[in-house]
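S.K.: Next come the chains, spelled out residue by residue.
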Amino acid sequence: MLRKRTNRDVEIPTASMADISFLLLLFFLVTTTIDVDTGIGLTLPPPVDDAEEVKIKSENILKVLVNAAGEVLIDDELTSVPQINQIVKNKLKANDKLIISVKVDRETPYRVYIATLDQVKQAYAELRDEASVARFGVSMKQLTREQLQQIRDLIPQRISLAEPERTR
Amino acid sequence: MLKFKKKQASTKQAIPTASLPDIIFMLLIFFMVSTVLREYDVKVSFTLPSATQIEKIDNKRLISYIWVGRDGRVQIDDNLVLIPEIQSIAARKRQQIPNVIMSLRIDEGSKMGIVTDIQQQLRKGDALRINYSAMQKL
Chain A
16 MLRKRTNRDV EIPTASMADI SFLLLLFFLV TTTIDVDTGI GLTLPPPVDD
66 AEEVKIKSEN ILKVLVNAAG EVLIDDELTS VPQINQIVKN KLKANDKLII
116 SVKVDRETPY RVYIATLDQV KQAYAELRDE ASVARFGVSM KQLTREQLQQ
166 IRDLIPQRIS LAEPERTR
Chain B
492 MLKFKKKQAS TKQAIPTASL PDIIFMLLIF FMVSTVLREY DVKVSFTLPS
542 ATQIEKIDNK RLISYIWVGR DGRVQIDDNL VLIPEIQSIA ARKRQQIPNV
592 IMSLRIDEGS KMGIVTDIQQ QLRKGDALRI NYSAMQKL
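Going down the list, the protein sequences come from chains A and B.
Okay, so the first sequence: first residue is 16 according to my numbering, each after it adds one.
Okay, so the second sequence: first residue is 492 according to my numbering, each after it adds one.
In isolation and in its complexed conformation, chain A is listed as follows:
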C-alpha cells in the first residue's frame, strides 16, 4: 500500500519578519534620546571643617562680586557682566598665579551667575588659545590630546567659589 505523499512546503513564512522588526525599531527610535549633556563643569571645594585654611597672598586673589541687580565689582571697580572677560584676561596676563574668586549675592539670578562664570571661562579660553598659537602655531581646536594637556597645565583654571554669606 502506497501512501500518497503530499508535497507540502515546509518553510516558515518570513514575509512579515520585516514588519515585526520595523515595529521594534520604531519603539526604540521613539524612546531614544540622543541629546548630549552640555554645561559648565566645576569641582566644589571639600566641606569646610576638614579643609585646612590655605593662606593666599591677597594680591593673588581677584575678587569678582556680583550683586542682586547683576552689577559686578572687580577689585573695587564697578563694571558689568560682559566686561568681565577683558578685565580678567588683562589681570591674568599681569599675574599668572591669580585665583578668580567669584562671589554672588543670594538674590542674584542664576543666569547672571552662569554668565559670570562663562565670562571668566572665556578669558581663560582666550589666554589658552594665545598660548597655543605661541607654542604650537595652531589654535586650540587643532591640538592633539597631549598638546592640549600641556596648554592646560601651562594655564590652569583657578576659579574659586567663595563661601556664601549675605551681602548687604
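Just so you know, these hints were derived from the structure itself, not from any lab.
There's no promise every hint is true.
With a straight-line cut-off of 25 Å between C-alpha atoms, the simulated SDA-like cross-links for lysine to any residue are [said to hold, decoys possible]:
hint: 1; chain 1: B; residue 1: Lys602; chain 2: A; residue 2: Thr53
hint: 2; chain 1: B; residue 1: Lys628; chain 2: A; residue 2: Leu176
hint: 3; chain 1: A; residue 1: Lys104; chain 2: B; residue 2: Lys628
hint: 4; chain 1: B; residue 1: Lys602; chain 2: A; residue 2: Ala83
hint: 5; chain 1: B; residue 1: Lys628; chain 2: A; residue 2: Val96
If you want the ones that stay clear, here's a sample from chain A, every Cβ over 10 Å from chain B, calculated [to be verified]:
hint: 6; residue: Val25
hint: 7; residue: Lys78
hint: 8; residue: Asp91
Heads up, the beta-carbon is just placed ideally off N, CA and C, and yes, glycines get one too.
Once you've looked at the hints, dock chain B against the given chain A.
M.R.: Frame of chain A; chain B shown alone:
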C-alpha cells in the same frame, strides 16, 4: 490587427526583499545599544541658561541630575526633595558611583540662594563634581 507586440523584459520585476529584515535588525540593534532606558519624568518646569564656554559630558552613566524648577522645587531622581535631604542622597550616590557628576539643571531665573544651599549640601555629601547644565549660546 495586433502587429506590434509590446516588448517586455524577461527579467523579474520584484526587488528582492529577503535581506530587508537583516537591515532593519541591524538598525534595531544600533538603537537598542544606544538607548539609555533610565529616563526620569521631570516634575518641575525649567529653562536652562545659555553659555558659550560649555563642555560635553562624555559618559552619560556617571551623571545624576538635580532639577530646580521655576517655582523653587527641587527634584532628584523621581521625587521632589527638600534641601536638607540632599546631603544624604548625594552621599548615597557617591557610594554607588564614586566619580558621580551631579548635573544641576536649574531654571535660569532662580535665585542664587537656593543654588548655594544645594551646593553646600553636595559638599557635605562629598559629591564634588558638578556641572551647571547650560545650552550653547549662538
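S.K.: Against each hint, give a clear statement of whether it holds in the structure.
M.R.: Results for each hint:
For the hint linking lysine 602(B) to threonine 53(A), the alpha-carbon distance of about 22 Å falls within 25 Å, and the restraint holds. Between lysine 628(B) and leucine 176(A) the CA atoms are separated by roughly 23 Å; this keeps the pair inside 25 Å, and the hint holds. Between lysine 104(A) and lysine 628(B) the CA atoms are separated by roughly 21 Å; this keeps the pair inside 25 Å, and the hint holds. A hinted pair counts as satisfied when its Cα atoms are at most 25 Å apart, and lysine 602(B) with alanine 83(A) qualifies at roughly 9 Å.
This hinted pair checks out: lysine 628(B) and valine 96(A) have alpha carbons roughly 15 Å apart, not beyond 25 Å. Against chain B, the non-interface label of valine 25(A) holds: every CB pair exceeds 10 Å, the least being about 18 Å. Once the 10 Å rule is applied to beta carbons, lysine 78(A) is consistent with being away from chain B; the minimum gap is 16 Å. Annotated as non-interface, aspartate 91(A) keeps its C-beta farther than 10 Å from every C-beta of chain B; the closest such distance is 21 Å.
Comparing the model with each earlier hint shows no violations; every hint is respected.
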